[in-house]
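Student: Chains as they are written, first to last, in the numbering used here: chain A, 84 to 650; chain B, 18 to 126.
Since the hints were made in silico from the structure, they are not lab data. Each residue gets a CB set at the ideal place from its N, CA and C atoms; glycine is no exception. Treat each hint with caution, since some may be false.
As the list claims (entries may be wrong) - With the C-beta cut set under 8 Å, the calculated list includes, among others, these residues of chain B facing chain A:
1. T77
2. G78
3. R80
4. I87
5. I91
6. Q96
7. T115
8. G117
9. L118
10. V121
Stated by the list, open to error - Using C-beta positions, here's what the derived DEER-type ranges look like:
11. B:A55 to A:Y393: 49 to 55 Å
12. A:A430 to B:A55: 35 to 41 Å
13. A:R403 to B:A55: 31 to 37 Å
14. B:A55 to A:E395: 36 to 42 Å
15. B:A55 to A:L493: 29 to 35 Å
16. A:D562 to B:A55: 30 to 36 Å
17. A:R609 to B:A55: 30 to 36 Å
18. B:V40 to A:G583: 48 to 54 Å
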Amino acid sequence: MSSGAVSAMRTGSRYGVGEGLEQDATSPAELSIPVGRWRPSRAAALALLVGLAVTAALALTSLGLYDRNENRLLGLRARELGLVLTAAVPSIQTPLASAAELADATGGDPQRFRAFMSSYVGPRRQFTSASLWPLGTSTLAPSLVVGRPPALASSQQRARALFTRAVHTKLLDVTGVLGTANASLGYEYSTPGLKRGFAVYAESPLPKDRRSRLSSDSAFSDLNYALYLGHSHRYDELLVTNMRRFPVRGRQASDVVPFGDNAFTVVVTPNGSLGGAFFQSLPWIIGIAGVLITLTAALMTDRLTRRRLYAEQLVGVLDRVAEENREMYTEQRSIAQTLQHALLPEALPEFAGLQVGARYVPAASGIDVGGDWYDIVAAGEGQVLAMIGDVSGHGLRAATTMASLRHAALAYAAQDHSPSSVLAKLADFVNSAPHDYFATMLCMLVDVGAHRLTVASAGHIAPLLIDGADSEGRFVQLDVNVPIGVIRESPYHEATVSVGPNSTLIAFTDGLVERRGEILDTGLDRLRDAATSQGLSLEDLMAKLAHDLTSEEHRDDTAIVGIRWQS
Amino acid sequence: MAELDDELATIVEIDTHLDPTGVQIVILAGELDSSNAASLQERMVAITAQHPQRLIFDLTGLRFMDSAGIAVLINTATQVDSVSVRSPSPIIRRVLETTGLSSVLVIEP
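Construct the complete structure from the given sequences, taking the supplied hints into account.
Tutor: Okay, structure coming up:
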């Protein structure tokens, strides 16, 4: 058997002889990759969970840091605004203090007071109204007014409360918010000391509806602010703001600035992110990037897991395929042998005075059929024609060629019993058409009664003749002519030999004697030694030869024909 | 199955050239059997298409040849007027003799 043919049969096996015999239950198509319901693998789910947890932790940490940073920055900004306000306080207190000292020194000289204060009073100046109030009188009223009449003057009770308080303090006194429509804030100052003849009072307007915007180029344009009088955040103490919603919600910081006997409280909220837009969006960036990375990692994990699973399944499938192939190989080998037997004679006829037997041994490995054949037929009264042949090559083609040669030879043998003419006619038959094979063949006419054997060979090894019961065997001497199928004008010669009583004739194909790396004569000697056995029946002798001379490694199929004269 | 292939795979080396006198030389080495005879047959088809007058198979390095190899030699012999076999090993020479081919292929020592 040839390895080329073996692999050809194997690769073609799915479409070959084996297919019709058994629909195999397991096929590679069974490799199942679930399509419809996608479920992530456990590793991928784990990667997803861990990734999302880490992302969430990072994003929350970043958010917390941002929050703390914003609060800190806002606190600093509130303090800065407070410092600015603190710096503004003297611009109110200084003119009033100077005026009070001037009034005390001049005994309340109206001319001097007016001349001093007029530069501070008026539109777009600190004050809308400044007035001089003599203290220690029964009725409280200003002795001199610069600018508008003070709003305080309309409330005797409020004025008394203010100036009574002023007597006991050394500082600037601040009224509450005065009026509603055009609200203003009033300040009083009297020089500390025993004299205390006069108090200076001034009023500043509050912006309309307390609303004032910070200019966009201000150092505090990134803030919203609300300025209250006193320490409270009450709306009725609101002096000025650029915020619209009260009470103030969200992130805020405040600072308190002392102002005379009172204080300002400034509340600020951020107008955007103080630390910058990048840090504001950092938690989002971390979150989105983390989710994307996590998803990618999970998908890749899933893919890798799936690939590994697929590879494992594939290995399983390949194992199954290999197993199937082994089974199919065994199966096809038996099919090949069945076919070979079908192409060979079913049973040999029986002949008076002659024992005949035949064996066919397929090659040890491989699934190919071979081209060996044999036939034993009656050829007239007391004569038997035995043929054995070997078509070159293997496989179905060799087998079908063999079958046609065998039947053609049988037909020619029916016409003419001469071995050489059977071979010549068969050679003409084969050469009449293009062909690329050849066959060796031995044709033997056995005359039972005359103990005579006539042999012709077309390239075939001569048969072994064991003359008598216990003589040593010898190969029949004959001319080996060209094989059938070799286009060459070449006659076939016959040799006729006499055989003794109880002689045994063994004809065979080269598989029985040919070994790789060994000269043919060694194989022929081995056969002769094995065949020269004492007292074996023909049947037992054939079985022994078939068993002993075809080793487990033999690559060629083998046919053996045995004939024994019974007398 | 792979072991089977390794076990059965045989290698034949084929080397062809024209000698100075225009004779086609085909040098075979290794083992020629049914597993690789087809590759030799292909080469021989290409060579015989050139219609050489004389062709020599140099079998000095060939250790084994079975009937498939002999078939290639015979097929070549039907295409070329003169085909010789040069230096076959005793084993192969014996095969050629027992196959009755010494009348078809000239065997040179």
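Student: All hints, please: hold or fail.
Tutor: Hint check:
Hint status for B:T77 relative to chain A: violated, with the closest Cβ pair at about 16 Å, above 8 Å. Among the interface hints, the one on B:G78 is violated; its C-beta lies about 14 Å from the nearest C-beta in chain A, farther than the 8 Å criterion. Contact between B:R80 and chain A, as hinted, is supported at the beta carbon level, the nearest pair being about 7 Å apart and thus within 8 Å. Because the beta carbon of B:I87 sits about 7 Å from the nearest beta carbon in chain A, less than 8 Å, this interface hint is met.
Given hint, B:I91 at the interface with chain A, holds; its Cβ is 5 Å from that chain's nearest Cβ, closer than 8 Å. Interface hint status for B:Q96: violated, as the beta-carbon distance to the closest one in chain A is roughly 10 Å, over 8 Å. Checking B:T115 against chain A: minimum C-beta separation of about 5 Å stays under 8 Å; hint holds. Checking B:G117 against chain A by beta carbon gives a least distance of about 4 Å; that is within 8 Å, so the hint holds.
Contact between B:L118 and chain A, as hinted, is supported at the beta carbon level, the nearest pair being about 7 Å apart and thus within 8 Å. About 6 Å separates the beta-carbon of B:V121 from the nearest beta-carbon of chain A, less than 8 Å, and the hint is met. In this structure, B:A55 and A:Y393 break the distance hint of 49 to 55 Å, their C-beta atoms being roughly 39 Å apart. For the hinted restraint 35 to 41 Å between A:A430 and B:A55, the CB-CB distance of approximately 37 Å keeps it satisfied.
Checked against the hint of 31 to 37 Å, the pair A:R403 and B:A55 passes, with Cβ atoms roughly 32 Å apart. Look at B:A55 against A:E395: about 40 Å separates their beta carbons, and that is inside 36 to 42 Å. Under the hint 29 to 35 Å, the C-beta atoms of B:A55 and A:L493, about 31 Å apart, fit the expected range. Restraint check, A:D562 to B:A55: a C-beta distance of roughly 32 Å satisfies the suggested window 30 to 36 Å.
Against the hinted window of 30 to 36 Å, the Cβ-Cβ separation of A:R609 and B:A55 comes to about 31 Å, which satisfies the hint. Separation of B:V40 from A:G583 is about 52 Å and conforms to the stated range, judged on CB atoms against 48 to 54 Å.
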